[in-house]
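Undergrad: Sequence:
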Amino acid sequence: MIDADFSTAHACASYALKQNCYWDSSKVPLTVKGWNDYAAIIAPAVSSDAWLKIRLGIDAIKNLNDYREFDASRPTAQAIPLSSQRFPPLSSEFRQGVESEANNLLDARKALAPLSFE
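For the sequence shown, this note's numbering begins at 20 and goes up steadily by one.
Treat the hints as calculated values from the structure; they're not laboratory data. A virtual CB, placed ideally from N, CA and C, is assigned to each residue, including glycine. All clues given are correct.
In silico lysine-lysine, DSS-like type, Cα no more than 27 Å apart, as pairs:
1. 37 x 129
2. 129 x 52
3. 46 x 129
4. 81 x 52
5. 37 x 72
6. 46 x 81
7. 129 x 81
8. 81 x 37
9. 72 x 129
10. 46 x 72
11. 52 x 72
Ranges of calculated distance between the beta carbons of each label pair, as one might list FRET restraints:
12. 89 x 52: 18 to 24 Å
13. 66 x 44: 34 to 40 Å
14. 60 x 114: 32 to 38 Å
15. 46 x 67: 27 to 33 Å
16. 93 x 119: 18 to 24 Å
Work out the full structure, taking the sequences as your base and the hints as a guide.
TA: See below:
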């Protein structure tokens, strides 16, 4: 379930980078439900390095939500026609942040991957 949250968030970040706008508002906010439900279970099963990468992945999801919320509240986003407001534009200020968080999500998924075989 944690990996599903990471996968969804990574797909949304990739979409934002490719389309220069954020993901559909029906996926807002990106969730960390898997983390909330299973963090205590996986904690003893991963190394401290893997734990750090997984935590950075959780922070990445939260940061992506914040980037989208901030950009969606900008006057330039509000001037967009109602039919397009589901996909607010990605500001140049946050592009690098979204890219960095997408990379953190990939690292988190790799750190979590060994648990899928147990």
